[in-house]
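**Student:** Build the full structure now, drawing on both the sequences and the hints.
In numbering that gives the first Met the number 0, the protein residues as written are 0 to 430.
Since the hints were made in silico from the structure, they are not lab data.
Computed from a prediction, not measured in an experiment: that's the story for all the values here.
Cβ coordinates follow ideal geometry from the N, Cα and C atoms, glycine included.
Be a bit skeptical, because a hint or two may be false.
Okay, the calculated beta carbon distance ranges per label pair [unchecked claim]: (1) Q354 <-> V120: 22 to 30 Å; (2) N261 <-> M230: 16 to 24 Å; (3) Q411 <-> S134: 15 to 23 Å; (4) A409 <-> N240: 35 to 43 Å; (5) L262 <-> E309: 19 to 27 Å; (6) D105 <-> A232: 43 to 51 Å; (7) Q354 <-> P405: 22 to 30 Å; (8) P400 <-> E102: 46 to 54 Å; (9) M101 <-> S151: 28 to 36 Å; (10) D348 <-> E113: 34 to 42 Å; (11) S430 <-> D185: 35 to 43 Å.
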Amino acid sequence: MEPEAASSFKLKPLVVTFAAGVAAGVSLYSLYRLVQTSTSSPSSPATPEPMDVQTDPTRPMQASEEHSLVEDVASVCLDAPSHAQGGEDADEEWEDLDEVDMELLDNLERILHELKIPGIVVTATDLITFTAGTSTVEQDCFTYVAGAVSPSYPKQAEALTAVLQAQPGVIVNIDVCPSVNDACPDMHLKHMLQGKRVHVAPVLADKVAILTYWASFVQPGLAALCSDASMLATHPEWRDNVVLIPCNVDEDMPTAQAAYINLELPAEGVLPLHLTPSENEASFGVDVLPTVVLLHNGCIVWRGHRDDLELEASVEALLAGGEVVLSDSINGAVGPIDGVLALAELSEDAILELQDFLATRLNSMRGVGIRGLTCAYEDAIRITQQGRRQSRRLVFSGSVPSALTPAVEALQQDVLRQVCGQVAFNVVYES
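**Tutor:** In structure tokens, the structure reads:
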């Protein structure tokens, strides 16, 4: 199962899957320093110097430098015993966050701090997924490094990817594409409903723009669009300063149009656009849904998964001259509720009891014929340049017939009697 499987969809394969391991005693951070130096001979190490991302980061890498970087990393990885070569821990996975390799996370956090490249997120996750109407429970554990690195830092992105490829058990998906502090790419895209081409840049001038990437077959993206439009409707004072731009990436335009019309979103303040695969690749290169790109005065101020941003608070802050606001994993999304503990406050025993309740409750929905509804429990450690935070969240997502609305609302009430906090119901009702 891929990361964020319960609330995301990958449009293309991961850039790097589980990579070759390194010898015991060769740390991830020492490999990172090796990549920094780009020496021509592994046997003659140079004095490590910090990577200066401020000094002409766009200078093309010389052929000798590129060959040396690859040769140095390969010599360490291939000459040493590794998990990939059949070590006894080759298929070992940690089962919960108590078994996370904290040394690995410490090294990753140090690397992000020293490289000073915005837009990279390290996530160590224990994900448990329950499916309504069945007794199916799936568990997946992984350490995932993802993000969008600005084209201003191609050498740094290459070095970081090379280092992470040498670490066993780490999934890597780092793309070089427009990111934080970059200007919005020059785009002329087709209007979803009118069919005409729209020059996007003039629309963004002097505004906060919310670009929400979605597809008709990814239900959380549809729910996010409805939520964004509702937020916009509650702030008439934003009318001249904020624009919502749903960016559809379906290959079949008629299917996308039908899905969009079915959402019944307002026309005012909303500019629905469609991107072909080539247009997506040539602009923001989004490959995970739902993704939000937030811009202010034509400049990217945030890019990432919809759940990691407090969107309304961020828009308010930007309009007031401030900065974006990341999701608060402590206060949560629901509550407080009298007599009900927040998800972040539950003990390990209480978490196990909650999981038993969810498995039983969702299995009981078999009798009302609900399909396509899932519940994902996520226990995660996230690391960015801003630091480290641990979070738990419970996400219900999927699409159900509107006739079954009472059954889903009853489920929601039962869940909120058990727990509050980071609990989200991203359910779309089909008419």
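**Student:** Of the hints stated earlier, which fail here?
**Tutor:** none
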